[in-house]
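Peer 1: Using the sequences and the hints, build the whole thing.
For the sequence shown, the working numbering assigns the number 14 to the initial residue and increments by one for each residue that follows.
Quick list of the computed label-pair ranges, beta carbon to beta carbon:
1) Ala-209 x Gly-285: 15 to 23 Å
2) Pro-132 x Gly-279: 41 to 49 Å
3) Glu-222 x Gly-85: 50 to 58 Å
These are calculated hints, taken from the structure and not from any lab test. Using N, Cα and C, we set each Cβ at its ideal position, and we do this for glycine too.
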Amino acid sequence: MSNILITGCSSGFGQLIALALARRGDRVFATARRPEAVDDLAGRAEGLPLSVHLLDVTDAASINRVVAEAAGEGGIDVLVNNAGYALRGPVVSLQDDEVARQLDTNVVGIVRMVRAVVPHMRERGGGTIVNLSSAAGLVGIPFEGAYAASKHAVEGLSETLRFELAADGIAVALIEPGAFDTGFFDNVTESRGFGADHPDRPVFDHYHERMMAVGGAGRAAPQPVVDAVLAAIDHPDGPFRRLVGDDAELVVRIKRERPFAELEAGMRAAMGTTA
Numbered sequence: 014m015s016n017i018l019i020t021g022c023s024s025g026f027g028q029l030i031a032l033a034l035a036r037r038g039d040r041v042f043a044t045a046r047r048p049e050a051v052d053d054l055a056g057r058a059e060g061l062p063l064s065v066h067l068l069d070v071t072d073a074a075s076i077n078r079v080v081a082e083a084a085g086e087g088g089i090d091v092l093v094n095n096a097g098y099a100l101r102g103p104v105v106s107l108q109d110d111e112v113a114r115q116l117d118t119n120v121v122g123i124v125r126m127v128r129a130v131v132p133h134m135r136e137r138g139g140g141t142i143v144n145l146s147s148a149a150g151l152v153g154i155p156f157e158g159a160y161a162a163s164k165h166a167v168e169g170l171s172e173t174l175r176f177e178l179a180a181d182g183i184a185v186a187l188i189e190p191g192a193f194d195t196g197f198f199d200n201v202t203e204s205r206g207f208g209a210d211h212p213d214r215p216v217f218d219h220y221h222e223r224m225m226a227v228g229g230a231g232r233a234a235p236q237p238v239v240d241a242v243l244a245a246i247d248h249p250d251g252p253f254r255r256l257v258g259d260d261a262e263l264v265v266r267i268k269r270e271r272p273f274a275e276l277e278a279g280m281r282a283a284m285g286t287t288a
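Peer 2: So this is what it looks like as C-alpha cells:
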C-alpha cells in the first residue's frame, strides 16, 4: 500500500485514477480546486481509503497546507500531477493573461507541487512522481497552441526532474494520452479573443467537425490511461514515457518517422486549408 497525492481530481483522469487506487487499497489524498467537486468525490469514495482536499495548484498556500496534512498522515510515497485544462483558440486570438494562466496551471503548478513534496520524499528515502502530459506535448495541435506549449514544457520539465531526482531514489514518469472520453473536451476554456466573427472561426469549425467525425473528440474509454498511471506507480524502474491511445501513437509515429511535410499536410487537410 502506498500513500498517494493526486491533483486535479474534480473529474476525468484524476477522479478515475484516485478511485482506482483507493479501490485496490492505496491511501489516496485526492485534491480538487472547487468545493463542489470535493463534495462530489467524497460521496463517490465513501468507505474507501480516500480523503478529498481543496487544493489549487496556482496557490502555494493551499499546496503547502495539503502537503503538510498528507505528510503528517503517513507521508507521501507518490505524487500524481494531473491538474490542468486546455485553452482553445488560434494563437493570434490569445490574450496575454489567458496564456499566463494556462502556463501557470499546467506548468508552474507542477513546479509548485514538486517543490513542496520532494523534501518529504527525500526524508523517506525515495518516491515516485507521475506527470500527466499529452500527445499535444509531442505534436502541435491546431487551435490549442497554448495548451500544446504548456504540455511541451511539461515534457522538458519531466525529463529534467528525472535526471535531477534519480540520485535521491525518486522516480519520474510521464504519461502522454491521446483523446479519451473524460469530458475534457467539453470543458475547454475558449479564448475571449476568439469570437463568433473571428476570421479563423470557419477553419476551426471545419477542423472540429472533421475531428469529431474521425473520433478525435475523445471517444475512447479512458481505462488505458488509468492503467498506465498505475503501471508507472507499480514499476518505477519501467519506461519513462508511456504514450497511450491509437490516435496519439499514430500522429507521433508520423512526426518521428516521416518527413514533417506529411504531418503538415494531414493537419492542413483536417483544417480544410491548402498546403
